[in-house]
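Student: Each chain, written out:
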Amino acid sequence: GAVVSQHPSRVICKSGTSVKIECRSLDFQATTMFWYRQFPKQSLMLMATSNEGSKATYEQGVEKDKFLINHASLTLSTLTVTSAHPEDSSFYICSARDQGFHEQYFGPGTRLTVT
Amino acid sequence: AQSVTQLDSQVPVFEEAPVELRCNYSSSVSVYLFWYVQYPNQGLQLLLKYLSGSTLVKGINGFEAEFNKSQTSFHLRKPSVHISDTAEYFCAVSDWDGGYNKLIFGAGTRLAVHP
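Residue numbers (our numbering), protein chains in the order written: chain G, 1 to 115; chain F, 1 to 115.
Be a bit skeptical, because a hint or two may be false.
Below 35 Å or equal to it, Euclidean Cα-Cα: the simulated DSBU-like pairs (lysine-lysine) are [said to hold, decoys possible]:
hint, chain 1, residue 1, chain 2, residue 2
1, G, 20, F, 69
2, G, 55, G, 66
3, F, 58, F, 69
4, G, 55, G, 41
5, F, 69, F, 49
6, F, 49, G, 41
7, G, 55, F, 49
8, F, 69, G, 41
9, G, 64, F, 49
10, G, 14, G, 41
11, G, 41, F, 58
12, G, 14, G, 64
Using C-beta positions, here's what the derived DEER-type ranges look like [as the list claims (entries may be wrong)]:
hint, chain 1, residue 1, chain 2, residue 2, range
13, F, 39, G, 8, 12 to 20 Å
14, G, 8, F, 16, 33 to 41 Å
15, F, 82, G, 9, 23 to 31 Å
16, F, 115, G, 9, 29 to 37 Å
17, G, 27, F, 7, 45 to 53 Å
18, F, 61, G, 10, 22 to 30 Å
Think of the hints as simulated: they come from the structure by calculation, not from any bench.
Just so it is clear, CB atoms sit at the ideal spot from N, CA and C, and this is done for glycine as well.
Please build the complete structure, drawing on both the sequences and the hints.
Tutor: And the structure:
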């Protein structure tokens, strides 16, 4: 089956610093990647959709200058949380979808803690 | 826009008993439906999907779901659960919004299997 990896799995950073999270599709070409945020015991909240080679589309209420998304290749998308604050602490999950298919394949998630 | 309702936030059940997790979606001309499972501190794993064809869909780990267009439901079932099935289960529907295809998730159902 399709495999999506995320790195790092867990990161702790200080308030005001930036953190980059990588999402890779390992055995297929992901024309579209998605970034989600999940709070404890809650569902996934879609943050943005990115298509390879174009700018990401952000959901309403998500700050595009704070959550920078780059989808430079068909197998890699990155999410950079800039000037992180404690309220940015969360579980971030990426997913990837191959062109022509409807299902998304999810990465294992990244636990971000901002101190 | 589509919406998904998972009627039960928690479902406790004894091992080897049958279980049904309920999911209803808002009506649409055509829908693509999915069930995902999430184990603690992990990403989501696709259990099964309905795109077209037979309304009874079989997935991994002995799960199945039935698409019922008249009742706009896509309930997930398993005839005999194991302790290892304890997890969070998410129902999702594929939706088009502003030219982009994305998944709309339900709030999730926590399945707790007791010995």
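Student: Does each hint fit the structure? Answer for all of them.
Tutor: Hints, verified against the model:
| no. | hint | verdict |
| --- | --- | --- |
| 1 | G:20 - F:69 | violated (43 Å) |
| 2 | G:55 - G:66 | holds (15 Å) |
| 3 | F:58 - F:69 | holds (17 Å) |
| 4 | G:55 - G:41 | holds (31 Å) |
| 5 | F:69 - F:49 | holds (15 Å) |
| 6 | F:49 - G:41 | holds (24 Å) |
| 7 | G:55 - F:49 | holds (29 Å) |
| 8 | F:69 - G:41 | holds (30 Å) |
| 9 | G:64 - F:49 | holds (32 Å) |
| 10 | G:14 - G:41 | holds (25 Å) |
| 11 | G:41 - F:58 | holds (27 Å) |
| 12 | G:14 - G:64 | holds (21 Å) |
| 13 | F:39 - G:8: 12 to 20 Å | holds (19 Å) |
| 14 | G:8 - F:16: 33 to 41 Å | holds (39 Å) |
| 15 | F:82 - G:9: 23 to 31 Å | holds (26 Å) |
| 16 | F:115 - G:9: 29 to 37 Å | holds (30 Å) |
| 17 | G:27 - F:7: 45 to 53 Å | violated (36 Å) |
| 18 | F:61 - G:10: 22 to 30 Å | holds (27 Å) |
Of the numbered hints listed earlier, those contradicted by the structure are 1 and 17.
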